[in-house]
Structures are given as C-alpha cells and as structure tokens.
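Chain A is already provided as a structure; the job is to place chain B on it using the hints.
For reference, the chains in residue letters:
Number of protein chains: 2
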Amino acid sequence: MHTVFYVSDGTAITAEVFGHAVLSQFPLAFEQVTIPFVETLEKARLVRQRIDECFAQTGIKPLLFHTIVDPVLREEVLRAQVNAHDFLNTFVTPLEQELGVKATPRLHRTHGMENRKLYDDRIDAVNFALANDDGITTKEYEEADIILIGVSRCGKTPTSLYLALQFGIRAANYPFIDQDMSALDLPPALKANRHKLFGLTIAPQRLHEIRNQRRANSRYSSLEQCEQELARVERLFRQEAIHFLNTTSHSVEEISAKILETTGLRRQLY
Amino acid sequence: MHTVFYVSDGTAITAEVFGHAVLSQFPLAFEQVTIPFVETLEKARLVRQRIDECFAQTGIKPLLFHTIVDPVLREEVLRAQVNAHDFLNTFVTPLEQELGVKATPRLHRTHGMENRKLYDDRIDAVNFALANDDGITTKEYEEADIILIGVSRCGKTPTSLYLALQFGIRAANYPFIDQDMSALDLPPALKANRHKLFGLTIAPQRLHEIRNQRRANSRYSSLEQCEQELARVERLFRQEAIHFLNTTSHSVEEISAKILETTGLRRQLY
Numbered sequence: 496m497h498t499v500f501y502v503s504d505g506t507a508i509t510a511e512v513f514g515h516a517v518l519s520q521f522p523l524a525f526e527q528v529t530i531p532f533v534e535t536l537e538k539a540r541l542v543r544q545r546i547d548e549c550f551a552q553t554g555i556k557p558l559l560f561h562t563i564v565d566p567v568l569r570e571e572v573l574r575a576q577v578n579a580h581d582f583l584n585t586f587v588t589p590l591e592q593e594l595g596v597k598a599t600p601r602l603h604r605t606h607g608m609e610n611r612k613l614y615d616d617r618i619d620a621v622n623f624a625l626a627n628d629d630g631i632t633t634k635e636y637e638e639a640d641i642i643l644i645g646v647s648r649c650g651k652t653p654t655s656l657y658l659a660l661q662f663g664i665r666a667a668n669y670p671f672i673d674q675d676m677s678a679l680d681l682p683p684a685l686k687a688n689r690h691k692l693f694g695l696t697i698a699p700q701r702l703h704e705i706r707n708q709r710r711a712n713s714r715y716s717s718l719e720q721c722e723q724e725l726a727r728v729e730r731l732f733r734q735e736a737i738h739f740l741n742t743t744s745h746s747v748e749e750i751s752a753k754i755l756e757t758t759g760l761r762r763q764l765y
Numbered sequence: 496m497h498t499v500f501y502v503s504d505g506t507a508i509t510a511e512v513f514g515h516a517v518l519s520q521f522p523l524a525f526e527q528v529t530i531p532f533v534e535t536l537e538k539a540r541l542v543r544q545r546i547d548e549c550f551a552q553t554g555i556k557p558l559l560f561h562t563i564v565d566p567v568l569r570e571e572v573l574r575a576q577v578n579a580h581d582f583l584n585t586f587v588t589p590l591e592q593e594l595g596v597k598a599t600p601r602l603h604r605t606h607g608m609e610n611r612k613l614y615d616d617r618i619d620a621v622n623f624a625l626a627n628d629d630g631i632t633t634k635e636y637e638e639a640d641i642i643l644i645g646v647s648r649c650g651k652t653p654t655s656l657y658l659a660l661q662f663g664i665r666a667a668n669y670p671f672i673d674q675d676m677s678a679l680d681l682p683p684a685l686k687a688n689r690h691k692l693f694g695l696t697i698a699p700q701r702l703h704e705i706r707n708q709r710r711a712n713s714r715y716s717s718l719e720q721c722e723q724e725l726a727r728v729e730r731l732f733r734q735e736a737i738h739f740l741n742t743t744s745h746s747v748e749e750i751s752a753k754i755l756e757t758t759g760l761r762r763q764l765y
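So the protein sequences, as listed, match chains A and B. Quick note: to get this note's numbering, add 495 to the position in the first sequence (first position is 1). Quick note: to get this note's numbering, add 495 to the position in the second sequence (first position is 1).
Isolated chain A (complex conformation):
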C-alpha cells in the first residue's frame, strides 16, 4: 500500500482536504499520515527521516503533498526520497503572472486567526446554531440567515452546524411535530420569517432506520409514522411554496452547497 504524507507548517488541513480529493480519483487505498506545524528545522529533519524510513520499510516510494511556506524548511523536507507535490506553489507562480503581483507568502494565512472579527463572527454563528437548534427557541429568528424546517431526524442539526462552521452562516432549525402538521399551517414564528425558510425531507425508509436507532420499535420510529409525517410536511412545503430538498442520498456538504445555491445566501470563506 502507498503511504501519503500531508505536511505543512500550518494545520495541514488544506493539504489533507485537497490531497484526499486528488487521491480519491485513484482506485487505490492509501495509508495517510498528517504532520502539521512543521515550523522548525529540527522538525523538518524528523519529517524527512520519517518519510525515508517509510520508504526503507515498505520499498514503495511515498507520496508527499505539502503546503510549506518557509523555503528552508521546504528544502529540508524535500531532501527525502519521495514523490512530492507542492500544492500552493504549483499555482502561485502562474498566478503571479496573471495577477501581475508577487505573492507574499505568510504562515497561518488560512485556518488561522488573522482576522479576529471574521473568526468571532464564525464562532457566534456556531453558538447561534446551538442556541436555535431543534426549535429550542423561536425568539432569535430575526437574526437568523436561514431557518431549516422538517420532521425530526431529517438532517437539520448537522446541516445547521456545518453552515455555521464552514461558512459563518447563522442557521436556526425547527422540527415539525404532529401538532403543527395536522393543522397544515406554519406556526406564527415561521410565518413571520417565511423568506428565510428552507425545507428538508428524506425517504420514509431511511427516516425509519435513523429513528429506529434512537427509539427502536416505537410509534415515533415506525415506517407508517415516518410516511405520514413526511407526506404531511411535503404537502405543507408545496402549499406554502417553500424550497425543499430531499437529503436521503446527500452529505451535509452537498445539502449545504445546494441550500446556498438555491437561496443565494452569501458565504464567508475562512
């Protein structure tokens, strides 16, 4: 099995996320090793040794995906016997031409705290999602960017948290319970913010499986109950002309990206 090293003088999250995306194009399994915060020559030497030991042990030349800003540290790591790919500089050189500006490489430029205000807004969004999870309160909907609605366990909470952490979006979520749905009407707090509403739905069988893990063999988790709730809530979405999305075969990333595309909500990148 090939070993791939993700190495950075920062968190190495960019190298990881991007390296993982590139490697997922290959029909192979990889042993993945992440080494963040390579900020000293001593640590760079240890990385080089570790890569060389891996080569000696496996007989297969390892892969290295790196985002090391300091050229001295980078050179040291690149002395290893390795197939190296420089994620940043590969694009920085042509971009310098296109932009007519020299790059000014800086450490911790992403995933850091360079802009305290932006960072605080993001953490505020996480706190907002928690404080407004699962209809705990409906009093802060004025401050919400979006309000996700749907039956219990259709994916509202993980999506709210992802929108907050990844994009700094203030997402509340509200669960429909029997009472709301039998009237087939929106509760007042939702009506007052209907331009912020976005519906989530899910296949009855999948909802049944998810709920069964929580409360096995209950009325709540029965396929019949799931079918009824979903039929009602989808009728409500249609009646009220609320955009909605079926989450059954979508990840939180996909759900979030579709919500942003549909609503045109402005995202923040960190």
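Honestly, the hints are just simulated from the structure, not real lab data. Nothing false has been slipped in among the hints.
Which copy is meant is left open, because identical chains are indistinguishable; a pair holds if it fits in one copy or across any two.
Here are the simulated DSS-like cross-link-like pairs (lysine-lysine), alpha carbons at most 30 angstroms apart as the crow flies: (1) K612 to K753; (2) K597 to K556; (3) K691 to K538; (4) K753 to K538; (5) K753 to K556; (6) K634 to K686; (7) K556 to K538.
The structure presented is a predicted model; accordingly, all values stated were derived computationally and were not measured.
Below, chain B without anything else, positioned relative to chain A:
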C-alpha cells in the same frame, strides 16, 4: 478588483477551500463566486456566459479554479475568456505516472455519500458531541475518543463540533465550575477516563471579553473571576499531568490539529 470563480460538478467545496488558500498568498482582495453542481451542458454554457459577462463588465480577465470531472462540461466552461486552473488534473497526470495506475474520475468522489457507513459514523460523532456537550451527561464517556475540559467559554464546544464534523471524532466536553476547582480534584467520571482528557485554557483578558458578551458586568464575566478560574484549572492540569493548550490566538482548526498531533488520535478523512 479581480473576480474568481470556483466551479465544480460537485459541491465546489474543494475548489473553494483550496482556491482560498492559494489566493490568500496574494496581497489582494477578490470578488469570489462559487458555482457548484455544473452537471449539464446547459449549466456549463451559463457558467461560460457568466464568466465572459464578468470580463466584459470589469475589463479584468477573471480567474477560474475548477474541479470538473466530465471532460465535455470542462471544455465548455474553458471556452470562456478566463485564466483557468484545473485543481485536480494538474496533479492527477503526474500521479498516474508515480502510482502506475490510471485515474478513474468519478463524480461526487469527495463530500458525497459513497461510503454510507463512514458517513453515518461521522453524523453519529456530531450527535455524540451534542449529547455530551458542556457536561450534560458523563455517562457516555466510555464511548468518547476524547474529553475536552476547561472553564466555561474557553473554546470546548466549537472544537468538539469541528472534531466531529471534520474528522469523525467523538468528542465530549466538560466545563469546570467553581466546585470542582476549589477541591482541586478531578470528578470521578473524569478520573475514570483520564487517558482521554485534554485541557483547554485561554488568556484571562480574552475570557473576560467573551463572557462579557454573554453576561455583561456579572461576577461570572469579571476579570478577577476569570483570572481565578484559569489559575486554578491550570494548576489542576499540571497537578494531574493533563496535556493542555492555550486557545487564545488559535482557530478551531489550529486547536483541533494540535490536539490530534499531541494525542495521536486517528482521524478519518471525508
């Protein structure tokens, strides 16, 4: 101002995250436009038009960072007047040589649901973080991968959620309150899981600011109270030989990467 387009036939999150990292090396501001799910020729044509209109309006050739798998759709988008950077294929071609295997490009290979089990584990980790937030319960610590401990508002909750969403790690967190700290002893539930403990601390002034936003001019938020709590909890960390980290100038990404580095906890990549 330069406009940059992030375009993909998937979520475009890879293009966004990586493009943002590359561009942050330049001392410029960018207008950023993300266009996900370009899955049809019609949509590819609209993207091309939108890029060309941007060029016509601004007179500045836009940048395009893309991860479009389908060659027909890619060609269509690339007919635009644009400085294009192909994030995936730039590395795929040399990797095919190094790995001795042809790439098998597939849609939604990352940020999708190809592996339902992995995805469900990740959502379970998010639910675990929520159910074990802020010491709500201490009964599930057997199932935790890590237990973050520290005073109120030092960064435990966002870090727990990030570890869950990004890496599928089951992170509980427990807040120290006066009572725990005056005894300078670990509560029994923590003692029984001391190999899982990781401490967070923060500068008193910063904690004072954060708490003041919650409860202005309270004893809880006073600088004196913050100083006392932090001094006690740090003494406890030292006394019990618990690894700890000062979060004052670190983002959740940095805190999480440092925790993983220190503990050697295995991460999952999605």
